[in-house]
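Trainee: Between the sequences and the hints, there should be enough to build the whole structure, so can you do that?
2 protein chains.
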Amino acid sequence: MQDPFTSRLATRMQGVKSSAIRELLKMANQPNVISFAGGLPAPELFPLDAMRAAADRVLERDGRKALQYGPTEGIAPLRELIAARANAADPHAEPVRPEQVLVTTGSQQALDLLAKVFLDPGDPIVTENPSYLGALQSFRLFQASYWTVDMDDEGAMPQALDPLLARGPKFAYLLPSYQNPTGRSMGPERREQVVELFRRHQVPLVEDDPYGALCFGEPAGATLRSLAPELTLHLGTFSKTLAPGLRLGWVIGPEEWVARLAQVKQSSDLHTSTLSQHVALEVMGAGIIDDHIGKICAAYGERCQAMLESIASCFPAGTKWTVPTGGMFVWVELPQGVDTAALLPAIVAEEGVAYVSGAPFHPNGGGENTMRLNFTHASADVVRDGIARLGKALTRALEATTA
Amino acid sequence: MQDPFTSRLATRMQGVKSSAIRELLKMANQPNVISFAGGLPAPELFPLDAMRAAADRVLERDGRKALQYGPTEGIAPLRELIAARANAADPHAEPVRPEQVLVTTGSQQALDLLAKVFLDPGDPIVTENPSYLGALQSFRLFQASYWTVDMDDEGAMPQALDPLLARGPKFAYLLPSYQNPTGRSMGPERREQVVELFRRHQVPLVEDDPYGALCFGEPAGATLRSLAPELTLHLGTFSKTLAPGLRLGWVIGPEEWVARLAQVKQSSDLHTSTLSQHVALEVMGAGIIDDHIGKICAAYGERCQAMLESIASCFPAGTKWTVPTGGMFVWVELPQGVDTAALLPAIVAEEGVAYVSGAPFHPNGGGENTMRLNFTHASADVVRDGIARLGKALTRALEATTA
Numbered sequence: 032m033q034d035p036f037t038s039r040l041a042t043r044m045q046g047v048k049s050s051a052i053r054e055l056l057k058m059a060n061q062p063n064v065i066s067f068a069g070g071l072p073a074p075e076l077f078p079l080d081a082m083r084a085a086a087d088r089v090l091e092r093d094g095r096k097a098l099q100y101g102p103t104e105g106i107a108p109l110r111e112l113i114a115a116r117a118n119a120a121d122p123h124a125e126p127v128r129p130e131q132v133l134v135t136t137g138s139q140q141a142l143d144l145l146a147k148v149f150l151d152p153g154d155p156i157v158t159e160n161p162s163y164l165g166a167l168q169s170f171r172l173f174q175a176s177y178w179t180v181d182m183d184d185e186g187a188m189p190q191a192l193d194p195l196l197a198r199g200p201k202f203a204y205l206l207p208s209y210q211n212p213t214g215r216s217m218g219p220e221r222r223e224q225v226v227e228l229f230r231r232h233q234v235p236l237v238e239d240d241p242y243g244a245l246c247f248g249e250p251a252g253a254t255l256r257s258l259a260p261e262l263t264l265h266l267g268t269f270s271k272t273l274a275p276g277l278r279l280g281w282v283i284g285p286e287e288w289v290a291r292l293a294q295v296k297q298s299s300d301l302h303t304s305t306l307s308q309h310v311a312l313e314v315m316g317a318g319i320i321d322d323h324i325g326k327i328c329a330a331y332g333e334r335c336q337a338m339l340e341s342i343a344s345c346f347p348a349g350t351k352w353t354v355p356t357g358g359m360f361v362w363v364e365l366p367q368g369v370d371t372a373a374l375l376p377a378i379v380a381e382e383g384v385a386y387v388s389g390a391p392f393h394p395n396g397g398g399e400n401t402m403r404l405n406f407t408h409a410s411a412d413v414v415r416d417g418i419a420r421l422g423k424a425l426t427r428a429l430e431a432t433t434a
Numbered sequence: 032m033q034d035p036f037t038s039r040l041a042t043r044m045q046g047v048k049s050s051a052i053r054e055l056l057k058m059a060n061q062p063n064v065i066s067f068a069g070g071l072p073a074p075e076l077f078p079l080d081a082m083r084a085a086a087d088r089v090l091e092r093d094g095r096k097a098l099q100y101g102p103t104e105g106i107a108p109l110r111e112l113i114a115a116r117a118n119a120a121d122p123h124a125e126p127v128r129p130e131q132v133l134v135t136t137g138s139q140q141a142l143d144l145l146a147k148v149f150l151d152p153g154d155p156i157v158t159e160n161p162s163y164l165g166a167l168q169s170f171r172l173f174q175a176s177y178w179t180v181d182m183d184d185e186g187a188m189p190q191a192l193d194p195l196l197a198r199g200p201k202f203a204y205l206l207p208s209y210q211n212p213t214g215r216s217m218g219p220e221r222r223e224q225v226v227e228l229f230r231r232h233q234v235p236l237v238e239d240d241p242y243g244a245l246c247f248g249e250p251a252g253a254t255l256r257s258l259a260p261e262l263t264l265h266l267g268t269f270s271k272t273l274a275p276g277l278r279l280g281w282v283i284g285p286e287e288w289v290a291r292l293a294q295v296k297q298s299s300d301l302h303t304s305t306l307s308q309h310v311a312l313e314v315m316g317a318g319i320i321d322d323h324i325g326k327i328c329a330a331y332g333e334r335c336q337a338m339l340e341s342i343a344s345c346f347p348a349g350t351k352w353t354v355p356t357g358g359m360f361v362w363v364e365l366p367q368g369v370d371t372a373a374l375l376p377a378i379v380a381e382e383g384v385a386y387v388s389g390a391p392f393h394p395n396g397g398g399e400n401t402m403r404l405n406f407t408h409a410s411a412d413v414v415r416d417g418i419a420r421l422g423k424a425l426t427r428a429l430e431a432t433t434a
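Chains as they are written, first to last, in this note's numbering: chain A, 32 to 434; chain B, 32 to 434.
Do not take every clue at face value.
Because identical chains cannot be distinguished in the list, a pair is counted as satisfied if it fits within a single copy or across any two copies.
[Claimed, not checked] Taking lysine to aspartate or glutamate pairs in the DMTMM-like style, the calculated list, with each CA pair at most 25 Å apart, reads:
| id | residue 1 | residue 2 |
| --- | --- | --- |
| 1 | Lys-326 | Asp-121 |
| 2 | Lys-48 | Asp-151 |
| 3 | Lys-48 | Asp-154 |
| 4 | Lys-96 | Glu-75 |
Calculated directly from the structure, the hints in this document are not laboratory data.
Mentor: In structure tokens form, the structure reads like this:
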């Protein structure tokens, strides 16, 4: 007899896999393993002193507010600050009003709220191929089906996007700046072309932008939101610029739709931690953030450079990779026949190096010969060491398959 | 033409009402209004100094960990602490292991996760009548249907519960201790009877227990979880004992089912604020919590007493009310014909007193003559003043209907 829980599972749980990736990440987190697997910011660069001072000031001055229940939409001064920063970043766009901002529990929650508001089982959505795994998981739990857009060096290709938008998906989910997992970024002309397609077909556009500020080369360019505010729900986060442990993200969009997301957020977690919101607000008010982002970007640029040089010199012939100018990831495509998922356990065990295999980032399958490498979490020297070991293991594996 | 968002709403959004209650709560939060409407703890009793010291120690000692991404299940030492406290509270039950604990973003999130894991559209669940509005909203978003159990002074009645469990609902959702909204609590014998029914019918039991520690009279008694651990998912929270702004709750249950909830939590918000988790852990470790809970309970007991005495002397003849020995709420049933929702706007505007009308707590309608009154947020004097004003307005309204 089945236990009384198992026989009662919702249909949507059939799509929830026992997470092999989570198990591997646990393995990758062992102390002697160099992990390129996560998407973790460098903890040694967290603005610790500023955070500590901010927490202390907040609890001294506003403790009762910072520990009490708060509004579902987020505390008013933080919504104002997020709107003001969006307006400073896109000075030529229609200004964002604070009422257009919803504070979320990390931008992951925004994905969950979007799924709740828009997705019935089987509903089609458009994503890049490959795309962010966490978003695919959120949408898959709500039984989305995927129409995938092919990418070139600038991300989603207009000629691939056009016929998909014409078919009327629920929405398209794009990461135009330093995409996860590929690191690719749309240039200004590409952004205009893409937005023009959304205008023509009147399809809602979800712009996920966690990495836009993490620029160490070509700037990311205008947000898609600034080019088509009436059609875009823009997702941002403090996780990469300040600290992920706060779990603070946001959505900017048309006021009516932000209000819809807030209705659904209320039954999801009432509101986001008021302590986190007050601390973030205080740190942002301390005026250190732009210097701090500059410091992160410089470090990440150096680490990325180290990774790219090491890949060029250590990875097997026939390997292709992206050359990001920002963000956190390099995307690697190995010669056909290399199965990065199958190789991973041995490479972790024998070489002490971990990565994420690329297949799960492909909503409809494929990509067995790809992998995502994170360059932000380890120092440049550790990156070089790890990539050299990984290159050796991959070269050996490739020789074995072609022998 | 509809805008491109509206035409794309998910079916589940048909059940999401434009929240009249949220609008009223905003009105109730005006500075000159005495609000019995929310479920807010008394902010003047927050352990502010301990929280401030804890935050400072955490950021000094463990800042990089407290600001980084963390495990979806919650940080290990907090799961251990929650298990240890559960075991201390129920010393005769099978001990809870840390693997059976999932940290959630408030216990509201646990309700959302339960809905995701168990509910297909139309699935029946059992709830008390009336029951917690936030839970009804979470389950309604996932299109649950409700089988409601009648209550007496000890909460859900076994003879009403038995035939409903026999029909095989997805689960039953109960608040056995100082229930929201009624303040009713099951005695030891009732708990045994209820658990016996769940055993006989093999139905999963969701025990929501935010108020169990807030006892100023009869102790709440053994948790239902301790009586039937194999069938129970037990929801707890730091919101009432420590501070709601942390957004920290938890689920305790069979390990396999806690793991299922964790899978779904990953796509909901990755994990709960690590800063909140570390701060709560540090405060709990400081050894002040039991004294602190004692202080809250004494204050809430005094406020409850003030409310009960004032109701007895000021409310119209024919009014009935509950006499809670813990928790945060008194439930009031006015004579038939009084519509508390219809009266509310005028009472807020003219008397400067707010409450929550009782109808929305009834999953399948009814209860128009009921209201929920919170006694924890205002001092005893303010409670007396507010109840006197409210009683006057209700008496006048009743005279008008019977005139």
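Trainee: Run every hint past the structure and note whether it holds.
Mentor: Evaluated hints:
1. For the homomeric pair Lys-326 and Asp-121, the shortest alpha-carbon distance inside one copy (22 Å) is at most 25 Å, but the shortest distance between copies (51 Å) is not.
2. Taking the closest pair of Cα atoms, Lys-48 and Asp-151 come within 25 Å of each other both inside a single copy (20 Å) and across two copies (18 Å).
3. In this homomeric assembly, Lys-48 and Asp-154 come within 25 Å of each other (Cα to Cα) both inside a single copy, at 20 Å, and across copies, at 23 Å.
4. Taking the shortest Cα distances, Lys-96 and Glu-75 sit within 25 Å of each other only across copies (10 Å), while inside one copy they are farther apart (30 Å).
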